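Trainee: Quick mapping for you: the protein sequence lines, in order, are chains A and B. So in our numbering, the last spot in the first sequence is 1292, and the numbers never skip. So in our numbering, the last spot in the second sequence is 1292, and the numbers never skip.
Keep in mind the hints are simulated off the structure, nothing from the lab. Hints may contain errors.
Note that the list lumps identical chains together, so a pair holds whenever it fits in one copy or between two copies.
To be verified - Restricting the straight-line Cα-Cα distance to at most 27 Å, the calculated cross-link-like pairs of lysine-lysine (BS3-like) are:
1) K851 with K675
2) K1289 with K704
3) K1091 with K700
4) K770 with K1256
5) K836 with K1282
6) K700 with K748
7) K1256 with K851
8) K1267 with K675
Owing to the predicted nature of the structure, the values given are computational and were not obtained by experimental measurement.
2 protein chains.
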Amino acid sequence: MASTVEGGDTALLPEFPRGPLDTYRARASFSWKELALFTEGEDTLRFKKTIFSALENDPLFARSPGADLSLEKYRELNFLRCKRIFEYDFLSVEDMFKSPLKVPALIQCLGMYDSSLAAKYLLHSLVFGSAVYSSGSERHLTYIQKIFRMEIFGCFALTELSHGSNTKAIRTTAHYDPATEEFIIHSPDFEAAKFWVGNMGKTATHAVVFAKLHVPGDQCHGLHPFIVQIRDPKTLLPMPGVMVGDIGKKLGQNGHLRLWAALPKVAAQPGLRLASASLPQDVRQRFGASLGSLSSGRVSIVSLAVLNLKLAVAIALRFSATRRQFGPTEEEEIPVLEYPMQQWRLLPYLAAIYALDHFSKSLFLDLVELQRGLASGDRSARQAELGHEIHALASAGKPLASWTTQQGIQECREACGGHGYLAMNRLGVLRDDNDPNCTYEGDNNILLQQTSNYLLGLLAHRVQDGACFRSPLKSVDFLDAYPGILDQKFEVSSVADCLDSAVALAAYKWLVCYLLRETYQKLNQEKRSGSSDFEARNKCQVSHGRPLALAFVELTVVQRFHEHVHQPCVPPLLRAVLGRLSALYALWSLSRHAALLYRGGYFSGEQAGEVLESAVLALCSQLKDDAVALVDVIAPPDFVLDSPIGRADGELYKNLWGAVLQESKVLERASWWPEFSVNKPVIGGLKSKL
Amino acid sequence: MASTVEGGDTALLPEFPRGPLDTYRARASFSWKELALFTEGEDTLRFKKTIFSALENDPLFARSPGADLSLEKYRELNFLRCKRIFEYDFLSVEDMFKSPLKVPALIQCLGMYDSSLAAKYLLHSLVFGSAVYSSGSERHLTYIQKIFRMEIFGCFALTELSHGSNTKAIRTTAHYDPATEEFIIHSPDFEAAKFWVGNMGKTATHAVVFAKLHVPGDQCHGLHPFIVQIRDPKTLLPMPGVMVGDIGKKLGQNGHLRLWAALPKVAAQPGLRLASASLPQDVRQRFGASLGSLSSGRVSIVSLAVLNLKLAVAIALRFSATRRQFGPTEEEEIPVLEYPMQQWRLLPYLAAIYALDHFSKSLFLDLVELQRGLASGDRSARQAELGHEIHALASAGKPLASWTTQQGIQECREACGGHGYLAMNRLGVLRDDNDPNCTYEGDNNILLQQTSNYLLGLLAHRVQDGACFRSPLKSVDFLDAYPGILDQKFEVSSVADCLDSAVALAAYKWLVCYLLRETYQKLNQEKRSGSSDFEARNKCQVSHGRPLALAFVELTVVQRFHEHVHQPCVPPLLRAVLGRLSALYALWSLSRHAALLYRGGYFSGEQAGEVLESAVLALCSQLKDDAVALVDVIAPPDFVLDSPIGRADGELYKNLWGAVLQESKVLERASWWPEFSVNKPVIGGLKSKL
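In isolation and in its complexed conformation, chain A is listed as follows:
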């Protein structure tokens, strides 16, 4: 059973069934097993396989093709599945500590099966759990145990009906009553009802509620979290004084509920207010590294978005390799993947998966480092800077990943034509389930402002105090050379010289320097002409701050992936394909900024734009024979992928036809047939009523 780097482990990475995809698989320039081992590592591959197999063998997780589940039934199923995950206990707290990358691996597995399941599990055990932990005192440790025993079920209640982004305007209050030693939590009216509270509209027993703290005779102490019991765990009926319900159907993720709660007057017991306090050092460290490591939801969202993109691209590329339409002669039809148009539509998203997946994991490890520092009481300046840098990267990384996935799923949907519009092929569900990634933890456009502000702050520090650009993860260090970088020009004149991500890296560095300088100047100009800081920032965001933040995070993603695929430890047979993926993602992303490259003078003449465009197409063409094998690396088993047109055997039409025949009552006439056959309309019979 020992695995070898060359051939992989057949039990761990079984062969694919023979079929129409064989041709492309045979053409691949590399071994998909070798790439899978390089990308994930044997340990993670085994971990994922354990989870996928458990789900596939458990009837509770059986797929139900053609069933038209009611919302209520779907929610029940999702709850039962979540409970079952606790019974499997795939990842203990100890394992999290030892192998932190298993946390995103678990998220990917559950999310690939069903986003609703991942959300329900994640928000209870990790988000609620870490909220209780990270600002909690010793007495809250009992809650942690109850959370992991599923004795209570939690949610995180910050957003209100009328306030989301602007948390300072949250209106729920917590008044301390010294007589009873209670905090009275109060929503003054329905606009202050907690709303969009993920994830457990009908099952949450406890909520971390954010409210403005008032102490008698004192001014408001600002927003604080409180643990409020909202339902009786024995009956799931609301506690007295709590009005709580479901907000209704969402576009996606309908397996898990969102809750709203109006809290007319609820008493939170003394001591239930969360506050920083001391915990035994070893416990604190462990939790800081495991649970606490997910305190930044933005980093998890990058992972959630990437898994959705993996599924969509796997479906669309296997479809494209087997769907034939038109050809050089009337007799011969060729797979649609052979068309440059189809390659251009899909392959950049395949490259984006590899680049963003690497970014997602590396950022997660950075976060673990941060959390370990926090847990060990590190109060150094470096620790604080690390926090800022991760915040800046996550605040732009989440928009980049969620938008790339949003656009990628849409392209996949369209690239599969009508078959992509059939619900059973799953692209619609993926689009709907990915959509909240653009919104929760902060609207993408608003989050980008935090990243541009971070960069502007560094530049101001440099201009005013002569400080160097230096950050713990080195993402901004290149900016120190900005005057020289701004003098550079694009000097690649042939497509062949452009097929390496180093070309895009140099262009991105120029672009970030350019946008940073322009934004800084524009902001100061606005202020000089009388705008307040608030106005000036708003006026600069569309054309300056937003592209600056995006270009900066794209550069970071490109840089990290470029370094990753150029490490000496990359197996020789993988270097070419990984290099192409890196170059394709980099140049394709860069090409969306081509107007700015011209405008600022980095590009000049017709050739620059042409070379960039031709290089993207050339890389697509070079990668098309590797596309199926690259999908084999990222696609989960068929049972999890759950898309007839995306199955690994490539039997597109047989699978689709088989699934159609499984639909409920597929051949039966409609139950309401007499409405056509018997109850005929009188044409124009109601015209007189108009």
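Using the hints, position chain B against chain A.
Mentor: Here is chain B on its own, set in the frame of chain A:
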């Protein structure tokens, strides 16, 4: 009751309820009633009002907030509603002939209520009807009557499971049997089953089936349409030999079913083969102008897409004018519409609605002209050229409209934050229902090739034969001056000079000339280096043919709207706002081609790009106070819009809260509560099974 241009007719255009939107309504630079009359005309306004009122007053059309309708129930409801439309008979064939614009008005009204209803009605009465008519003989007139009496129910069966775009590869056959004088329609296997047959999976009794005609002793005669009876109208059971069913849930439009049918061996009666034949001249003319006018589905899809965008933008802008978040001080929050970012996200789509709606209507009238010519037996060269020009405009207009709407709805969804993700607010349904517009009648990317081929053909004609660029609708006439146009440069240096659509028009003309020349050269270069015509076209499409087709149709949309708003008959008080809409749509669309403008040398220096960008933002800022009134012109009544956050009274939270409380069992605990409270999981209890 006489209406006046100044004040409008209160009964026709009633005042809006007072509320939070008053502030913006008071700030508008024009009267929304005057603009409504100018845009639609009193006759159409009255027609729409009649339809909307009939639906609102009829309990069959009542909205059911919070109901979780099963697919079966929703389909039944949609069928009953379609039948009811026949009872209302809003638009007689005579009226269609007299006022052709009432056809798109009817589509807009039904589609705004529910896309499934519009699709069901449209595909039966107009698509099936005109397919039967336009290639039919006299004996098919009996079918027309049955269609309009709903005695039979029809569908249009071209696409097969394995073939859509490449209709030449359709595999269903029709063999003529002289012994029985029958055509035997045959699907050789399931891959040749008719699939995606809009719209009536379970109710269609007849289908226009496209099959390859074979006559004994003769070669194949190519694709021909046949009328095949697939179900017995008395029982709705399939006819012997027909296997027919529902393809299952789609991403959207689930109220109407799509059918698949495998036709193992079905006899079509002699004479049921559709063929061109003569009809009495007057009947032919009428049908040619009314039914036949919709033979081009692409033109109708432009209208369907625009109506979806109207609904989405109306919802998002009313939300933005009432949702407050952050502000210059901590005490004062401002409507999110005040932020340049929100304006930039939404207002260009508002402008796009006005420009595309005008394009949609004008193209529909062009089509009516074409159909009238066909019906009157016009066989002139002009008539043939008109056909080609309309085909080219519709083949790029449909992609432009459906993509603009797709992107616009997504932006609206995100711009409404979490509330946009709530199903009851309708943005998700709109996105799902609009999606097939990108696919049916031809994948957008494939259709664009038809437009670029049209333009390339004209240029080849010019180069080879010295022919002039001339077309009946004059959309290509400017190309005659292409050598001179290519020498032009962008010479506007101030934002103020850029705020007119004439600036964008000039730039678009240059862009189309540039792309046409580049595409032509690239194509010839590919051919010279040995590519076949098939290969050469495929290699040029991504970077040349596709942007050429899009730029050409965008130019046409901009040109038509520019001329429309600069007519002398435009009421003086509307000129400013319409001019801004025209300029905003034009410059915003153009800005997506900024890299090409630089690359080809039309733009040079930093200023050109800056001016373009600043002009877009300046126009957004100028239009924001008019946005609510501009929405009032295009939004249907609240009952039809059906979105709590988009209601005309602007009572965002009251409406949302009220709707939430209407949800089914909103306050009840989940029926499966014992699964939490009683049946506790054994944590890790299944770990040994892994």
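Trainee: Decide, hint by hint, whether the structure agrees.
Mentor: Status of the hints after comparison with the structure:
1. K851 with K675: For K851 and K675, the Cα distance is within 27 Å both inside one copy (13 Å) and across copies (18 Å).
2. K1289 with K704: between (66 Å within a copy, 16 Å between copies)
3. K1091 with K700: neither (47 Å within a copy, 63 Å between copies)
4. K770 with K1256: between (56 Å within a copy, 22 Å between copies)
5. K836 with K1282: between (55 Å within a copy, 11 Å between copies)
6. K700 with K748: So K700 and K748 pass the 27 Å test inside one copy only (23 Å; across, 74 Å).
7. K1256 with K851: between (34 Å within a copy, 18 Å between copies)
8. K1267 with K675: both (19 Å within a copy, 14 Å between copies)
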